[in-house]
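Novice: Protein chains in written order, with our numbering: chain A, 1 to 95; chain B, 1 to 95; chain C, 1 to 152; chain D, 1 to 152.
Just so you know, the hints here were simulated from the structure itself, not pulled from any lab data. Do not rely on the hints blindly, as some may be mistaken.
To give an idea of the chain B side of the interface with chain C (calculated C-beta under 8 Å), a few residues [said to hold, decoys possible]: (1) Ala20; (2) Arg52; (3) Trp56; (4) Ala57.
Each computed BS3-like pair below joins lysine-lysine, with the alpha-carbon atoms no more than 25 Å apart [what the hints assert, rightly or not]: (5) C:Lys25 x B:Lys62; (6) D:Lys25 x C:Lys25; (7) D:Lys130 x C:Lys25; (8) D:Lys125 x A:Lys62; (9) C:Lys130 x D:Lys25; (10) B:Lys62 x B:Lys34; (11) C:Lys125 x D:Lys130.
Predicted model, so just to flag it, every value in this text is computed and none were measured. Glycine residues also receive a C-beta, built at the ideal position from the N, C-alpha and C atoms.
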Amino acid sequence: MARDGVERIINAMITVLYFARLREALGTGSETIKLPADVSNIDNLRAHLIARGGVWADELQKTAIRAAINQSMASGDSAIADGDEVAFFPPVTGG
Amino acid sequence: MARDGVERIINAMITVLYFARLREALGTGSETIKLPADVSNIDNLRAHLIARGGVWADELQKTAIRAAINQSMASGDSAIADGDEVAFFPPVTGG
Amino acid sequence: MTVRIQTADFDVSAEIAGLRRGNAKIGAVASFVGVVRDVNDGDPVAEMTLEHYPGMTEHSIEEIIAQARGRWQVIDALVVHRIGTLRPADQIVLVVVTSGHRGDAFAACEFIMDYLKTRAPFWKKESTAKGERWVDARASDDVAAERWRLKG
Amino acid sequence: MTVRIQTADFDVSAEIAGLRRGNAKIGAVASFVGVVRDVNDGDPVAEMTLEHYPGMTEHSIEEIIAQARGRWQVIDALVVHRIGTLRPADQIVLVVVTSGHRGDAFAACEFIMDYLKTRAPFWKKESTAKGERWVDARASDDVAAERWRLKG
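Could you put the whole structure together from the sequences, leaning on the hints where they help?
Specialist: Structure follows, in structure tokens:
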């Protein structure tokens, strides 16, 4: 049981989506990544992506960037778990 | 000139219109009447019509009755002149 | 500005298209449709008849629209009000306001409708199982119109 | 409740008729249509493209409508939002709310529209003579959504 639990966490995968200006700047709309051991919430994930440098640092450091987990708006301390769909995007401008 | 003025006042005529519940209760939608010498505003005209007694007294004594002069809402002291179109009606219920 | 009193029904899409025609500054269209309900004051309503004061009706609605234009950024406004005999689910009245922005369109549309209910000379007579009856004015309509005095 | 995201245009009359069908308790229908303007922030706009987040868009609008239902007497509500390429004068979004009374219909319709502008994941990209640009969120939209917190 404990062994299975460790196994699952080690292989935890999440999907990350990018929209609009962010999608264009990063050059990708989605990626599947292995959840790093030190990433448990939105703030951690954002820091992890910023650490890639270049446009990742430029774009994801912007304070206006919004995040969602499993299609619901999320805040910096919202928890991320195995299998989650996480999205980053600029403030919305519909209607 | 003065003679013409007197002539005009003596023969002053107005049209009076009644709408909705009031029209039905009074049994008429309009009448042309000679403006009595002592009638110079809505309150006077209303008193003059109430003096007819019967349904005229019953209906026109109701406080909710509204009045218009020449198709604009009027109050008790609004002046009435020769040739005017005066209307009495219940509070409006359109839309 | 367009004000029409008619017995015929109206088509909301066609009226909006007519009001918008040729004006590409319009960003917002707020509309209101009043509909005959099958129950009023607890009694089933079979049909109703709308009476109006020809001439004064049009003037009073034009005045209401002019007031709305003075308070909000209105590009154009339309009121169509039916008279005659109507049945449950029939459309009674249409108010459409076009504007650059939605806040102005919503406010002006609701203002016109609230004032129309208390100032435009229309009277409704309902047919119910108990017979015909003239609809009484509602205190809530006066309250709705009165609250606009507090703003702006 | 109906929420549709589509590239096709919509017909306001047909959408209202569909939402009203079979419900004779409806006395009031408030609608809003958002339209592409030919100028934004001072520049002529040739066309715009709307991007969205499939799935989350529908969920967030359903949540907005559920909130409106919790605050006002709403009989039913409809939101249709277009995506893809749109040109000036094209319809972008439709919100329709049916209710027994007009105050509820107006308030719920404006509330849904204000929250949709700040919460539903849509993004506009404009084509102007200066090239393409993503439209920035407006502080005025946040203010419009925020003011509903003070009421009710």
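Novice: Compare the structure with each hint and give your call.
Specialist: Okay, the hints, checked on the actual structure:
| no. | hint | result |
| --- | --- | --- |
| 1 | Ala20 | holds, 4 Å |
| 2 | Arg52 | violated, 22 Å |
| 3 | Trp56 | violated, 18 Å |
| 4 | Ala57 | violated, 20 Å |
| 5 | C:Lys25 x B:Lys62 | violated, 50 Å |
| 6 | D:Lys25 x C:Lys25 | violated, 37 Å |
| 7 | D:Lys130 x C:Lys25 | holds, 20 Å |
| 8 | D:Lys125 x A:Lys62 | holds, 19 Å |
| 9 | C:Lys130 x D:Lys25 | holds, 20 Å |
| 10 | B:Lys62 x B:Lys34 | holds, 24 Å |
| 11 | C:Lys125 x D:Lys130 | violated, 60 Å |
In this structure, the earlier hints numbered 2, 3, 4, 5, 6 and 11 are contradicted, and the remaining ones agree with it.
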